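> Those protein sequences? They're chains F, P, L, Y, H and U, same order as listed. Straight run, no breaks: the first sequence in UniProt numbering ends on number 238. Straight run, no breaks: the second sequence in UniProt numbering ends on number 238. Straight run, no breaks: the third sequence in UniProt numbering ends on number 238. Straight run, no breaks: the fourth sequence in UniProt numbering ends on number 238. Straight run, no breaks: the fifth sequence in UniProt numbering ends on number 238. Straight run, no breaks: the sixth sequence in UniProt numbering ends on number 238.
Please note: incorrect hints may appear among the correct ones.
Identical chains share a label here; the pair holds if one copy fits it or two copies do between them.
Stated by the list, open to error - Straight-line alpha carbon distances no greater than 16 Å define the calculated EDC-like cross-link-like pairs of lysine to aspartate or glutamate that follow:
#1 K196 x E211
#2 K196 x D210
#3 K196 x D184
For the record, the hints were derived by calculation from the structure and aren't laboratory data. Keep in mind the model is a prediction, meaning the values are calculated, not measured.
Number of protein chains: 6
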Amino acid sequence: MRPSGRAPDEMRAITIETGYTKHAEGSCLISFGETKVLCTASVERNVPPWMRGKGEGWVTGEYSMLPRATHTRGQREAAKGKQSGRTQEIQRLIGRSLRAVVDLRKLGERQITLDCDVIQADGGTRTASISGAWVALRLAVDGLMKSGDIVEDPISAKVAAISCGIYNGTPVLDLDYPEDSSADADANFVLIEGGKIAEAQATAEGAPYDEEAFLRLLRLAQMGCAQVFRAQDEATRK
Amino acid sequence: MRPSGRAPDEMRAITIETGYTKHAEGSCLISFGETKVLCTASVERNVPPWMRGKGEGWVTGEYSMLPRATHTRGQREAAKGKQSGRTQEIQRLIGRSLRAVVDLRKLGERQITLDCDVIQADGGTRTASISGAWVALRLAVDGLMKSGDIVEDPISAKVAAISCGIYNGTPVLDLDYPEDSSADADANFVLIEGGKIAEAQATAEGAPYDEEAFLRLLRLAQMGCAQVFRAQDEATRK
Amino acid sequence: MRPSGRAPDEMRAITIETGYTKHAEGSCLISFGETKVLCTASVERNVPPWMRGKGEGWVTGEYSMLPRATHTRGQREAAKGKQSGRTQEIQRLIGRSLRAVVDLRKLGERQITLDCDVIQADGGTRTASISGAWVALRLAVDGLMKSGDIVEDPISAKVAAISCGIYNGTPVLDLDYPEDSSADADANFVLIEGGKIAEAQATAEGAPYDEEAFLRLLRLAQMGCAQVFRAQDEATRK
Amino acid sequence: MRPSGRAPDEMRAITIETGYTKHAEGSCLISFGETKVLCTASVERNVPPWMRGKGEGWVTGEYSMLPRATHTRGQREAAKGKQSGRTQEIQRLIGRSLRAVVDLRKLGERQITLDCDVIQADGGTRTASISGAWVALRLAVDGLMKSGDIVEDPISAKVAAISCGIYNGTPVLDLDYPEDSSADADANFVLIEGGKIAEAQATAEGAPYDEEAFLRLLRLAQMGCAQVFRAQDEATRK
Amino acid sequence: MRPSGRAPDEMRAITIETGYTKHAEGSCLISFGETKVLCTASVERNVPPWMRGKGEGWVTGEYSMLPRATHTRGQREAAKGKQSGRTQEIQRLIGRSLRAVVDLRKLGERQITLDCDVIQADGGTRTASISGAWVALRLAVDGLMKSGDIVEDPISAKVAAISCGIYNGTPVLDLDYPEDSSADADANFVLIEGGKIAEAQATAEGAPYDEEAFLRLLRLAQMGCAQVFRAQDEATRK
Amino acid sequence: MRPSGRAPDEMRAITIETGYTKHAEGSCLISFGETKVLCTASVERNVPPWMRGKGEGWVTGEYSMLPRATHTRGQREAAKGKQSGRTQEIQRLIGRSLRAVVDLRKLGERQITLDCDVIQADGGTRTASISGAWVALRLAVDGLMKSGDIVEDPISAKVAAISCGIYNGTPVLDLDYPEDSSADADANFVLIEGGKIAEAQATAEGAPYDEEAFLRLLRLAQMGCAQVFRAQDEATRK
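Please model the entire structure based on the sequences and the hints provided.
So, in structure tokens, the structure goes:
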């Protein structure tokens, strides 16, 4: 039995509130149950130094937890003077995942930064960040197309992410914090609408897993991402 | 005329949504018009090293802007590896303002950290932070009293803050961003319910000001804080 | 009674020794009693990146305490790897105070940095820094005018600063360290010759204060700055 | 065709030279073709603060590239003042991979640090690091058992890692640098002797991949790790 | 001919003004011509962690240049966030030089920190620092003996330092800045009263030198230090 | 008697293995007994900002110890976030020593960085670094001359370094770790083939030394460097 009483293949409720902040070119507050992440897309005309003059754009991600997003307060990384390895790992994953569906040439020489700030954490913050960042990106690109700054749509498909894991010997979908903190294995999948995989990561925390378990986790992720794609669709249609 | 069409002594709408996050011992989202700050109070049993063993508590504040709280995206302080002088100045002000109404002995050997994270900025973020932090602190202390951890209420009064300034030669209350960025003088007042002053800061940005103008700014601040006290009252009564 | 035996409105002796170091374009050692600050003005042709090409100059301040300027030795900020919030707050105040009397267009595209290094501390180091920095700035600008680099005088007036506070219930002028460390309220005023105010900051350390007390502090500051203006005048006339 | 002329399922030559440095409790220089990593195991009696007094040990990994291990010189992270996100990601992976086969209680309250320093890089440095770190760990633990410091062997199995990827549309084993820098997808597998998986990571760099491709990569990794296990066996039998 | 017109073996005027600051246990302002260094000795009861509980003391040095001690303004190390290699090299030299004449057991478990802050620089700041630091140390130890905190004098002899170098082919004593910046070789000697050497460093800046030149430099240093010892003697006898 | 049984003027065995890594323009692994340092020379077309456009080159050194090069593991400087004073001192010495024999104009506007990474430490790592760096530099310059990038040889002579010291009252050559850690005095000499001195540094660790002892140390260094020059010659002739 899962602590929340959910079935093994049952997701938490997903809500996506677009236009959550007024300054960003695209923004949403995405919730997977009690996990809430504010995702904003900021469009800037400058690209990183190593990309200048190529006529191509860049898409990158940043991630942070508010200090009291978690059960006990965490020290601010700005006060510590450096970002943790975990933060940097997640930031790299967010950027990579979104670039998997963006044609950087069609974007033109501009950078879009996806800021994912966790307001409240209850497991799955990195996958919620990716799923919400896609919505913010979509909204920002819609704006660029509406204003005529971009002619061809650089986004080729939806991208969504979900965590799953092996909890008490059973593969389960969309881990919440109580599951995440005691799972035997913990996996994150980033899937592209249509069936392809952008990223698969499965880590044994307690006991190593076998190929069959891995395939079951992938199957759960495919089910979960289908629901995320629907939520993204509704949110960006409005 | 003010850009927003407000009268010189007219505040923006204040809203305070308590219980905005579930983990913090006290929390609220406070809005002054389009300025929105998430304030959380975290209670911890450890005090700073220089206070240990005295049987007294400590109250401190931290402040940050989300990177896209502003018109153009700002770089994360965690990525830069240090907090700006402005951030540190505001953090010190938040802590000092709240300690002005807290009896640290009655708090017992525990620290309460008030985290003020600006979700959206439109002028007056530091004063909104102080006003909201008081609400989060009040809620956290109410919890400590309810659970019996604290017997006597360590909070002696409400504390609120408001900005005012001289805009186009006229003293005005509660500056928004367009006013703030072109004011001749810019003041922040931290007032205690009952009429006393915890902090007064008035800075000439364009032209220096005289004593009469300063007194007019103080009068506006008193009017403004009266409204903040009412909003704090309603929010914490619920 | 004040620990020093001074009357409530009695300043400490002010001395200003100009030309204290030979390399700086302007310099002085300013003393308020046992508080001694070395102020130097350095003229450089480059302005900060965000000001380049506008034909305007910039005036900025830096502040530091020598490690044993104080009763007990403090760790060097260079060894700690960062400047404290207090240092940054004071640096910002010094720069802002001097810019209040400088026409940056008349200065031309050059930066003047006022370095204020506290040789010995006995209260009031930030206000002594501002008062001394004006002297160093005046001397440096005199040099630029003498050499013909600047035609019109960019300095419109004298600027001086003084601290005052409420000590044992009585408003007193020019706090020394024993007073500063136990005052109920602590204020710093930056005044411009002729009566205007550049900056007013009054902080309740122990008990909050009322409007009347604030006005008494301002009155004391006006008396104190009148003496500083005379000392600045003598020092720069030589 | 692969740039090196290897068959898709052909590994580079593996060599493991044990006892490469005299101070470490265990050490080896591991080579996968031109990729050479020095792995040392250091045994210390102190564990991280959050583990003290539990009677358990800890195993952790650190990773670095010598500045000229690569085609063009990279700046030292010590000179830059911080470790990159990539370095931290790899360090976390090394530690996690080895802990998957160590019973921390049998280790007793001691920490073993596996330092993996890349002497020469030609693709696959992180997987070579893990494979070599296991050898260094095995040698260090053998020493502890020989001296009687440890009674029961805390290592339950061999662990090895290998990279594979999709190059020019074909899944290939053990990418070298020319392949790695232009692969469509890039995967790292950490496998445990006997068939279980400790970690699987597959990232689309160019084009997303499908489930079938993922399974083919896993198959190649199983073949590759079988060879690594044999090499580890020979090296530690000596 | 030397730029200053001095003879090859002619020192600049040395002055030592003791008691320059009131808080330090020992202090002096030492001048070698236009080079002026403020040296303070701070006595603290705590020693570095690795020395605790041994009943021995520690003597250490710190060094800094005020930003406008030099011809052109240098950036503060506190603002840069780290101390330069040069600063650290000099700090290590100051500490080592003074420890050469101190019996750490007789000092008891206390640390004396010698802070050397360069007020004005004209060559030879590190050697002036060492020579002045000895005076500050002597005064601080005299105080400890007077108060009965120390019974036996831990200082066994005077220590002094001087720079010399090969300028235009001629070995000269006590380089000033114009000589220092164009010397072929540049040497610093730390000598102990009575004829022994604590430290000898001779660096070829332009052309390498031979043994004979080195010996001539040593001879000059012995002459120079004899004068420093006399100045130290006068300063500490007062 | 020396711990190793060597005669006072007896060096450890020197070996120099050139071409140790394949990417660097020049490289060697140099050993003095159990001390092993990997030295690489990297040629880059860009020089430091302050040298640009002068048509001259630059030669610089960097130094690091692998964490377990020593008896007990040392923390990585990259993890600590800064390089120690010792590291910076050695880096400056390496660069200065090699520039003593290079004509920077003949090098053209290119920088050669000598990276010295200590694989195993047993005393004398800085002098082994300088001696090995010369070999790496020689090989890199040979390559530049062969390819026609440089016409005239910018290297005027060999440079070598050796440590010596006073151990148990006796001057000895080429200290190993047991000697180094308990020597009374410790000296490093950088000599140029033909008899000149680039750098001499002799530090009293335990007891100060006299002129005669210094001269004996210099004599030993001359004997030792003669052997290093022969080894360098053999290594670069191959």
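> Now tell me, hint by hint, if it's right for this structure.
Results for each hint:
no.	hint	verdict
1	K196 x E211	between (19 Å within a copy, 8 Å between copies)
2	K196 x D210	between (22 Å within a copy, 5 Å between copies)
3	K196 x D184	between (26 Å within a copy, 13 Å between copies)
Figure legend: structure checked against the earlier numbered hints; every hint is met.
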